[in-house]
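Asker: Based on the sequences and whatever the hints tell you, model everything.
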Amino acid sequence: DGLLAVNGQLSIAKREKLELTFNGNTGIAEFLTRDQRVHKDFVKWQNLDLKDIAVDLSANRYTANTLDIDKPYARVTIRKDKTVNFSGLVISDISRPKIAVKENKAAYFKLGKIKITDGSSDFTDLSLILPFSAHIQSLDGGADGVSSEKNSTLNVMLKGNAYDLAPVDVSGKISPYLGDYNVTINFKGLPMPLISPYMVQFAGYKVEKGKMSLKLDYKVVNKQLTASNNLLIDQFELGEKVDNPDAVPLPLKLAVALLKDSSGRIKFDVPITGSLEDPQFNLGTVISHALVNAIKKIVASPFNAIASLMGSKKDLSTISFKPGSSTLDAQQQAKLFELSKALQERPKLTLEIKGATFQQQDWPAISDDALFDQLKIRRAAEINQKSPIKIRPEYVALSTEDYRRLLAELFIEKFPLLAEKSLLGSPELKTPQPGDFYDIAKQKLLEIINPEQQRLEDLAAHRAQAIAKYIVQKGGIPQERVYILDPVVKPGNNHEEITSLLSLKAD
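Per our numbering, the very first residue in the sequence shown carries number 230; after that it's consecutive.
What the hints contain is simulated information worked out from the structure, not anything from laboratory work.
Here the structure is a predicted model, which means the values were calculated and not measured.
Treat the hints loosely; a few may be bogus.
For lysine to any residue, the following SDA-like pairs were computed, each having C-alpha atoms within a straight-line distance of at most 25 Å [as the list claims (entries may be wrong)]:
| no. | residue 1 | residue 2 |
| --- | --- | --- |
| 1 | K671 | N723 |
| 2 | K452 | S530 |
| 3 | K379 | L407 |
| 4 | K273 | V305 |
Answerer: Here it is, written out as structure tokens:
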């Protein structure tokens, strides 16, 4: 339906060829088409006015000053089979009769300005697991520079609202004959639960909460695409998981925890490049792959991601110790301080600490304690033989005299071929060697003390505790966000750094 109006001067003359000129205005009011499949409005507008038309058929020249469209509307639907409702409007070349057309010189056309007022559109995608629909309204703007001239540039400016809530604007320059364009699209405050169907299709999760502001900058020069997709998501929360075998398997909860700052905001940039001449190039696929790869990179190296928050390049995933020690030196404390600051910026992350010991490096450093404990056990036994009140070895205090005496006795007991007591009762080596007797005795005894698993595990646990204590007390991270894991004893080698491992999880 619609009302056609024409106002102007038409001239027709037949000489060597038909000469037709028209100067004036035309318009179609109250235009309406219906989609008979769904019995809903398809394309319509209130008024369409084409003004200051100048047509010269013999010169193949067509110009107009303005095209004003008032209250245009279009319903766009992607069906379950992924076809679009507009696709049925195109007539196949096969069905068209072949008509010989005399070639004329190329047509010249030019349109000064296009103005759109109060436009709207309904978009529906039925091809998803969960159907999606969106309504855009209050669409105002237009374009200028429409022309058949080879160097023409089309300037576009449109503004509207999605869901009555989120402002949308599109601006840019398009060179249709060169195939170059530079376009920016902005969405502000788009309610993310309303686009849950696409989230389910992509990642298998609904969106419980969040608003998204999106800035897309797309530039094509010589068929080479350079684009950036800048996202700012506020107060984002994942919703329930939806079974979708086609969803990309991504650890989204960890990714969100790594990206969300202390104010509940996520800032994310996905740059893409590509060649439009590549027959395999598909913009949707390129964007999807870029987004997936960016998320995978973040979750694969979470400590690199949070270190970048502090402008640091340090490896914050490990904390080093000296052999036999659980004391944090200044360098390791500095790393933990940076880690604590990053954790404050990412409140949904929890820290897991796995203390570790390396037997080959650590045992020589703590075997001295094991030897000392053996001497304390001997001294406790001596005391308990003479006293009715029993004492535990850990409460025994060894004097220097007792230490030397018990060390000599244990050495003679373990190495009878090397040492003995002299006639005067003092310990001595059977074959004299350079060095102090007690130093030699201690060294020999340390060589035969077998590594004790429990002592190594205790050291690993003490290292984890030292890290946790610093993170909580000095770093200001709540204790409930810090977890100590079961310690591990590794064989180790003299070329391996002694480290305890840290890991990050989503709360």
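Asker: Give a verdict on every hint.
Answerer: Each hint, compared with the structure:
With a C-alpha separation of about 23 Å, the suggested pairing of K671 with N723 holds against the 25 Å cut-off. Restraint check: the Cα-Cα separation between K452 and S530 comes to about 34 Å, which exceeds 25 Å; the hinted pair is violated. For the given pair, K379 sits about 8 Å from L407 by alpha-carbon distance, which is consistent with the 25 Å threshold. Our distance criterion of 25 Å between C-alpha atoms is met by K273 and V305, whose separation comes to about 12 Å.
Violation of the numbered hints given earlier is confined to hint 2; every other hint is satisfied by the structure.
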